[in-house]
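Peer 1: These protein sequence lines are chains L and U, in that order.
Heads up: take any position in the first sequence, counting from 1, add 1, and you land on the working numbering.
Heads up: take any position in the second sequence, counting from 1, add 43, and you land on the working numbering.
Heads up, a few of these hints could be off.
[Claimed, not checked] Derived lysine to aspartate or glutamate pairs resembling DMTMM-like cross-links, with alpha carbons at most 25 Å apart:
#	chain 1	residue 1	chain 2	residue 2
1	U	K96	L	E53
2	U	K117	L	E20
3	L	K25	U	D121
4	U	K274	U	D230
5	U	K324	U	D199
Simulated from the structure, these hints should not be mistaken for lab results.
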Amino acid sequence: MGIIEEVIDDIVVEIINLERATLKEADQLKSMINDKIEIGYKKIIIDLSTVEFIDSTFLGVIVSTLKKVASLRGDLKLVGFQPAVRSMFELTRLFRVFESYNDLQDAVRSFTN
Amino acid sequence: MAADNTKPPNKILLVEDEFNIAKLFTYNLSKVGFECQHANNGREALAMAHKNKPDIIISDVMMPEMDGFEFRKKLLEDNELKSIPFVFLTAKGAEDDILQGFDLEIEDYIIKTSSPKVVIAKVSAILKSLEKERVKIVDEVQKAADTMGAKVVPDDAPIFNGFKIKQWHLPFKNVPGGDFIDYIKIDDDNLVIILGDVMGKRWGAWYFAIAYAGYVRSATRFVLESGKKDKPSEILHKVNEAVFNDERISEVFITLSVLLLDRKNNVVKYSGAGDLPIVYKSKEAQLVHSTGLLLGFNKSGLYEDLEIMINSGDEIYIVTDGITEARNKEGELYGHNRLIEFVNSILPDEDPIEKMKNEILSFSGGELEDDVSFIAIKVL
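Can you build the whole structure from these sequences, using the hints too?
Peer 2: In structure tokens, the structure reads:
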């Protein structure tokens with residue numbers, strides 16, 4: 002359990018291997034991503050396939066990361082939504098601002114194309 | 044402490060591999076009202092601590108798989124668990140264990156052969172002193188907030204002709220949090236109601252909630268003075284613009300619901316930024332969804348006004364996620380379906396606030412995980 006980070010070419014993939022993504026993990030994700038942005042990465046994928054619940058703090062980190070990489074002309078894409086997470090994105094209308102994919106390969110491909 | 048019936052019982056995590064000792068401790072602690080959970084070793088205990096967030100951990104030192112010292116070290120590395128008070132169970136005369144324990148920032152130690160009375164007294168004393176400390180800190184924070192004149196939630200909803208407005212706000216663990224409420228009376232016929240939720244919890248969010256409440260107030264005044272009195276979406280546009288351009292809060296995001304009650308024209312105008320849907324009940328309760336994005340995220344937040352034509356007896360309810368994301372013992376979320384069912388069950392002469400308090404506290408067993416805000420509006 003936890004957050005697993007992989008780098009594929011110039012893309013950083015954060016796999017959120019948790020059932021509940023909340024305050025504590027939000028801090029961890031933020032510092033992991035910030036470390037990567039500092040050394041020049043700006044293409045990010047966050048894989049939420051195993052996440053059953055996401056709280057507003059964790060969502061805040063995803064949103065602020067998108068804002069940050071977008072200002073660097075990068076992007077943040079999301080993979081895999083379970084129903085509760087999907088409804089959280091729908092409720093907050095964030096569905097409209099994130100590109101999302103059903104599997105990781107598709108998300109990676111979207112960056113390389 | 045444990046007998047205090049206004050609060051849920053204190054949860055103790057007992058980590059002990061010897062069955063008889065575990066049984067004896069569990070029996071004695073449960074008897075005086077503690078909720079006692081038992082793990083056989085550090086590894087098991089770590090998973091249980093994550094899941095159940097105990098109020099105190101009592102752990103043996105010598106155990107298979109993961110011993111007490113390693114377990115304690117793991118806890119100290121974990122921001123979420125490191126501040127849970129920790130007590131070692133040691134054999135009589137195990138001086139080295141005790142000293143090593145204090146190096147690992149433990150609260151105290153208990154000799155395994157101590158009488159149940161001594162064990163209970165020690166555990167109660169530790170919890171009591173920590174509670175005192177917490178009350179003191181919360182008190183300081185609240186004093187600081189009062190001195191700054193910064194109240195994020197008014198004491199009461201205003202009296203406004205033609206409507207009955209009531210509110211309930213419960214900060215997370217009684218520490219000022221990220222929700223804020225504001226009522227701005229434009230004139231005798233128009234009232235603006237604002238409910239905001241700063242993403243994040245606890246004290247950091249509280250500071251931002253104060254800052255945001257200030258932003259919203261000044262933007263509202265600006266919009267009203269510029270003559271666009273009938274458009275909640277203009278308030279959102281204005282706040283969004285200010286927030287988006289402010290570097291200092293570029294990583295803070297907020298949801299906001301703005302409602303304008305217009306008594307003369309029997310209409311409620313509603314605009315929202317990433318907020319939860321409001322509930323409108325005429326005969327049947329239904330959700331009303333706004334369209335705007337979270338404040339501060341995008342330069343143009345796509346805010347629009349929705350109009351609800353109101354009649355006498357209609358009701359409107361506004362909530363933050365502290366309600367819809369409350370969880371029961373099985374881990375299920377309260378959610379919008381239950382909220383709709385709840386609103387449908389409110390009888391005309393019932394107090395919706397008291398009913399909601401009972402509803403959500405009994406659903407969650409009193410263990411809420413976020414600020415709770417609930418505003419009830421009834422058209423007279």
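Peer 1: Next, verify each hint and record whether it holds.
Peer 2: Hint-by-hint comparison with the structure:
1. Straight-line distance between C-alpha atoms of K96 (chain U) and E53 (chain L) comes to about 19 Å, which keeps the hinted pair within the 25 Å bound.
2. Annotation: proposed proximity of K117 (chain U) to E20 (chain L) holds, straight-line Cα distance about 20 Å (limit 25 Å).
3. In summary, the hint linking K25 (chain L) to D121 (chain U) is supported, as the alpha carbons are separated by about 9 Å, within the 25 Å threshold.
4. Between the alpha carbons of K274 (chain U) and D230 (chain U) the distance comes to roughly 15 Å, so the proposed pair stays at or under 25 Å and holds.
5. Taken as a hint, the K324 (chain U) and D199 (chain U) pair is honoured in the structure, with Cα atoms around 23 Å apart against an allowance of 25 Å.
Figure legend: structure checked against the earlier numbered hints; every hint is met.
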